[in-house]
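Trainee: Sequence:
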Amino acid sequence: MFVLLGIAALFAAPVWAVAVVIRLLSVVLPGRRPDWGVQLLRWGAGMTAAAAVMLLVMALGDVQLSDHESRSGTDSFPPPACRDAAPHLVEQIVGHRASYLPPAFDCVLEDGTVYPSSEYGWLNGLAVTCAVASALLAAGTRCVTRRRTTRQVRVPEPETSG
Numbered sequence: 001m002f003v004l005l006g007i008a009a010l011f012a013a014p015v016w017a018v019a020v021v022i023r024l025l026s027v028v029l030p031g032r033r034p035d036w037g038v039q040l041l042r043w044g045a046g047m048t049a050a051a052a053v054m055l056l057v058m059a060l061g062d063v064q065l066s067d068h069e070s071r072s073g074t075d076s077f078p079p080p081a082c083r084d085a086a087p088h089l090v091e092q093i094v095g096h097r098a099s100y101l102p103p104a105f106d107c108v109l110e111d112g113t114v115y116p117s118s119e120y121g122w123l124n125g126l127a128v129t130c131a132v133a134s135a136l137l138a139a140g141t142r143c144v145t146r147r148r149t150t151r152q153v154r155v156p157e158p159e160t161s162g
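Numbering follows my numbering, in which position 35 of the sequence shown is assigned residue number 35; successive positions increment by one, without gaps.
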């Protein structure tokens with residue numbers, strides 16, 4: 001299931017990138033709305049959250065595909081992902097471990113040591129960075145909105161003549 005979602009996310013990523021570029025161009029061009037800053041913050045929070053989800057789904061799909069390849073077929077052991085990652089250690093591989101949270105596919109050697117078959121570190125780090133950025137943008141949106149409503153609620157005090 002994650003493999004299919006990962007493929008869908010892979011195809012959605014260019015559409016996401018085009019949408020980001022178009023939105024940023026719309027901010028630069030004249031004729032934007034007066035509340036464009038708040039709208040851009042909201043939109044940015046949603047798009048970075050979408051990016052985090054896409055990256056996580058792609059990583060999960062890759063883990064599931066590697067796990068499936070290591071369990072089926074005549075050429076399934078040692079796992080293809082382990083053979084590709086460290087060809088010099090192929091004779092020492094005794095197994096593998098797949099982890100979905102965080103996404104990882106590790107190869108187990110005879111002496112019990114483990115090495116990662118693929119570099120999920122950058123993908124996991126990028127997903128976490130996007131999630132944190134989304135939360136910060138959402139918090140920024142809330143602060144700006146709250147500040148605007150506070151300014152609008154303030155009523156000027158009447159002047160007294162005397």
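A couple of the hints might just be wrong.
Restraint-style ranges between C-beta atoms, simulated for each label pair [claimed, not checked]:
1) Asp111 to Val20: 23 to 29 Å
2) Val144 to Gln92: 52 to 58 Å
3) Asp111 to Gly73: 40 to 46 Å
4) Pro102 to Phe11: 20 to 26 Å
I should point out that these hints are in silico values taken from the structure, not numbers from a laboratory. All figures in this text were calculated on a predicted structure; none of them were measured in a lab. For every residue, glycine included, the Cβ atom is placed at its ideal position computed from N, Cα and C.
Trainee: Checking against the hints above, which ones are violated?
Mentor: Violated hints (numbers, rising): 1 and 3; every other hint is consistent with the structure.
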